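Enquirer: Now for the letters of each chain:
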Amino acid sequence: MIFASGLSRGVFTAGNDVTELYAPKTTWKRYREFWLTQTKFLARLLNTRLVTVCAIRGACPAGGCVVALCCDYRVQTLEGTFGLNEVALGISVPKFWAELFLYRCIDRTKGESLLQRGLLVPPSDALQLGLIDEVVDAGELMSSANSALDRYLKVPSSARAMTKQTIRSNFSKEWASYAEEEAKGGWKMLNKPHIIKALGGVLLKLSGGKAKL
Amino acid sequence: MIFASGLSRGVFTAGNDVTELYAPKTTWKRYREFWLTQTKFLARLLNTRLVTVCAIRGACPAGGCVVALCCDYRVQTLEGTFGLNEVALGISVPKFWAELFLYRCIDRTKGESLLQRGLLVPPSDALQLGLIDEVVDAGELMSSANSALDRYLKVPSSARAMTKQTIRSNFSKEWASYAEEEAKGGWKMLNKPHIIKALGGVLLKLSGGKAKL
Amino acid sequence: MIFASGLSRGVFTAGNDVTELYAPKTTWKRYREFWLTQTKFLARLLNTRLVTVCAIRGACPAGGCVVALCCDYRVQTLEGTFGLNEVALGISVPKFWAELFLYRCIDRTKGESLLQRGLLVPPSDALQLGLIDEVVDAGELMSSANSALDRYLKVPSSARAMTKQTIRSNFSKEWASYAEEEAKGGWKMLNKPHIIKALGGVLLKLSGGKAKL
Numbered sequence: 092m093i094f095a096s097g098l099s100r101g102v103f104t105a106g107n108d109v110t111e112l113y114a115p116k117t118t119w120k121r122y123r124e125f126w127l128t129q130t131k132f133l134a135r136l137l138n139t140r141l142v143t144v145c146a147i148r149g150a151c152p153a154g155g156c157v158v159a160l161c162c163d164y165r166v167q168t169l170e171g172t173f174g175l176n177e178v179a180l181g182i183s184v185p186k187f188w189a190e191l192f193l194y195r196c197i198d199r200t201k202g203e204s205l206l207q208r209g210l211l212v213p214p215s216d217a218l219q220l221g222l223i224d225e226v227v228d229a230g231e232l233m234s235s236a237n238s239a240l241d242r243y244l245k246v247p248s249s250a251r252a253m254t255k256q257t258i259r260s261n262f263s264k265e266w267a268s269y270a271e272e273e274a275k276g277g278w279k280m281l282n283k284p285h286i287i288k289a290l291g292g293v294l295l296k297l298s299g300g301k302a303k304l
Numbered sequence: 092m093i094f095a096s097g098l099s100r101g102v103f104t105a106g107n108d109v110t111e112l113y114a115p116k117t118t119w120k121r122y123r124e125f126w127l128t129q130t131k132f133l134a135r136l137l138n139t140r141l142v143t144v145c146a147i148r149g150a151c152p153a154g155g156c157v158v159a160l161c162c163d164y165r166v167q168t169l170e171g172t173f174g175l176n177e178v179a180l181g182i183s184v185p186k187f188w189a190e191l192f193l194y195r196c197i198d199r200t201k202g203e204s205l206l207q208r209g210l211l212v213p214p215s216d217a218l219q220l221g222l223i224d225e226v227v228d229a230g231e232l233m234s235s236a237n238s239a240l241d242r243y244l245k246v247p248s249s250a251r252a253m254t255k256q257t258i259r260s261n262f263s264k265e266w267a268s269y270a271e272e273e274a275k276g277g278w279k280m281l282n283k284p285h286i287i288k289a290l291g292g293v294l295l296k297l298s299g300g301k302a303k304l
Numbered sequence: 092m093i094f095a096s097g098l099s100r101g102v103f104t105a106g107n108d109v110t111e112l113y114a115p116k117t118t119w120k121r122y123r124e125f126w127l128t129q130t131k132f133l134a135r136l137l138n139t140r141l142v143t144v145c146a147i148r149g150a151c152p153a154g155g156c157v158v159a160l161c162c163d164y165r166v167q168t169l170e171g172t173f174g175l176n177e178v179a180l181g182i183s184v185p186k187f188w189a190e191l192f193l194y195r196c197i198d199r200t201k202g203e204s205l206l207q208r209g210l211l212v213p214p215s216d217a218l219q220l221g222l223i224d225e226v227v228d229a230g231e232l233m234s235s236a237n238s239a240l241d242r243y244l245k246v247p248s249s250a251r252a253m254t255k256q257t258i259r260s261n262f263s264k265e266w267a268s269y270a271e272e273e274a275k276g277g278w279k280m281l282n283k284p285h286i287i288k289a290l291g292g293v294l295l296k297l298s299g300g301k302a303k304l
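Residue numbers (my numbering), protein chains in the order written: chain A, 92 to 304; chain B, 92 to 304; chain C, 92 to 304.
FYI, nobody ran anything at the bench for these hints, they're computed from the structure. No false leads were slipped in.
Part of the chain A face toward chain B, derived, beta carbon under 7 Å:
1) R195
2) I197
3) G221
4) V246
5) A250
6) R251
7) M253
8) K255
9) T257
10) I258
Once the Cα atoms are required to be at most 27 Å apart in a straight line, the calculated BS3-like pairs of lysine-lysine come out as:
11) C:K288 x C:K301
12) C:K186 x C:K201
13) C:K288 x B:K245
14) C:K264 x A:K275
15) B:K245 x C:K186
16) A:K283 x C:K245
17) B:K275 x A:K264
18) C:K116 x C:K303
19) C:K201 x B:K245
20) B:K264 x C:K275
21) A:K279 x C:K245
22) B:K131 x B:K264
23) A:K201 x C:K245
24) C:K201 x B:K186
25) C:K186 x A:K186
26) A:K303 x A:K279
27) A:K264 x B:K283
28) C:K264 x A:K279
29) C:K120 x C:K264
30) A:K283 x A:K120
31) B:K116 x B:K288
32) C:K120 x C:K283
33) B:K296 x A:K245
34) C:K288 x C:K120
35) B:K245 x C:K283
36) C:K201 x B:K201
37) B:K201 x A:K201
38) B:K186 x A:K186
39) B:K283 x A:K245
40) B:K131 x C:K201
In this text the structure is predicted, and so the values were computed from the model without any measurement. In this text, a Cβ means the ideal position worked out from N, Cα and C, and glycines have one as well.
Taking the hints into account, I'd like the entire structure generated from these sequences.
Expert: Given below as structure tokens:
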């Protein structure tokens with residue numbers, strides 16, 4: 092399975108719809124369902140028997156980054172960004188997103204610094220940190236992703252999938268079972284006045300000043 | 092303690108005797124004892140108070156690789172291979188073998204990819220990944236292993252051994268206590284028709300086509 | 092918050108006062124309080140909401156090293172040493188000190204070897220291993236530390252602090268709750284005749300042969 096963006100702009104995905112995180116525009120019930128659904132998807136993606144490859148064209152922040160980190164292989168275009176930049180938006184990085192990021196990061200101390208400072212890095216740095224596996228010209232993105240997929244499919248798939256799940260199933264289970272507690276903590280955070288203000292600012296900026304908050 | 096191969100060929104050890112894994116040629120009782128004995132040995136090797144050095148001449152796949160990973164220091168000849176290639180044989184990598192491999196691997200994402208794809212790497216790559224500590228000409232293998240041993244023996248052995256066990260004893264205990272459950276899962280896997288077929292093929296190849304399956 | 096040494100010599104801190112570890116010169120009651128207080132401080136330092144930067148001038152062994160590892164950012168002068176050299180003194184590395192060291196170490200196998208052999212490394216090696224973040228000329232130490240602090244303070248502090256604690260609070264809690272058990276084990280170790288002898292030798296050396304043991 093290959094994840095790729097259908098957008099014409101150079102954006103893999105901008106991550107979560109900020110409206111879903113902006114407390115005045117959502118409800119506890121809606122946010123809880125949003126968070127549980129998303130977490131269930133991510134934890135299952137991490138642990139799927141399928142080979143998963145991410146073809147990343149351009150920007151890959153926040154939610155897009157965590158989708159990529161759940162895959163088996165990540166190839167990104169030369170132009171782009173990669174990382175969990177929640178802090179720059181004024182919110183904290185979800186626990187298992189941070190842990191998965193640091194697990195994949197060769198230099199965990201550098202990784203912690205990126206998370207604490209909400210920084211995105213260019214693909215060349217992400218490659219060096221082990222966060223992505225390959226950097227290519229935009230024109231080669233899909234062929235590189237397909238080649239990676241083929242390499243994984245050369246071996247007996249049952250043994251490959253069992254090995255993948257041996258490595259990942261504990262993390263996946265812990266992640267999924269933490270979702271309910273995380274939703275509660277997240278909702279509490281999203282209702283703090285300074286977070287509402289910060290996310291309101293993000294929405295206003297995204298809408299070019301036209302959002303009604 | 093130095094582990095070295097007595098074989099004249101360039102093979103440290105080829106790992107487990109595949110006959111012990113081939114369900115039609117063994118029994119649950121025999122396999123269980125085989126697995127528990129092996130796991131007990133490996134978990135104790137990891138946690139021994141002794142200084143353990145692995146002098147690896149040539150190929151070091153699967154079971155040979157995990158013996159090496161349990162040691163304090165690994166020196167390998169320029170010619171050779173290193174890794175857990177179970178998937179290439181059609182079987183999955185045992186849980187704690189994978190975890191120990193990934194713990195020693197500087198780039199865990201690259202390491203996961205090697206495990207999922209059943210790949211062995213040359214010693215120069217293994218060195219870069221942190222999986223081995225030194226690569227030498229074949230003629231210098233034993234002297235290099237002895238020098239490494241001497242370096243570890245320079246410090247007070249009680250403090251060295253306590254520090255080693257402080258770092259490794261939790262992992263060692265969890266590994267040993269998982270053996271029974273793992274034997275059950277392993278036996279179930281080894282009795283799947285496609286696994287029997289795959290391992291039968293390996294045995295046939297190893298015997299030059301002469302094995303009676 | 093920046094940690095820096097007020098010593099005129101090139102020593103960040105030599106770590107614990109060895110007298111507090113020398114059984115004939117202390118008591119169980121005193122040692123226990125010493126250990127619990129120290130561990131509580133370190134576990135809280137690791138998990139503080141504040142930005143913590145370590146400006147390390149010169150030598151940074153043992154207890155000084157673990158203070159540095161608890162911080163967000165470490166800058167060290169070109170001349171110096173870094174590491175947990177307990178084994179060289181004849182005692183073992185405390186459990187969570189070793190774990191934090193290995194967590195920050197890019198190459199954990201190399202890190203284990205340093206711990207087992209009680210070795211200190213020069214700042215350039217510590218940088219390459221990910222143990223420190225920056226190496227500078229002595230004259231630039233404080234300005235570099237201040238610049239690092241400023242970089243962390245650019246982002247919303249609430250989101251930064253929450254992310255830091257998301258990453259570190261489990262480790263910090265486990266560390267703090269292990270202190271009592273560790274104090275017991277430590278006291279037992281410190282009363283072994285060969286450890287008393289080894290630490291006595293260290294005290295004698297530190298005092299230039301004048302210590303009354």
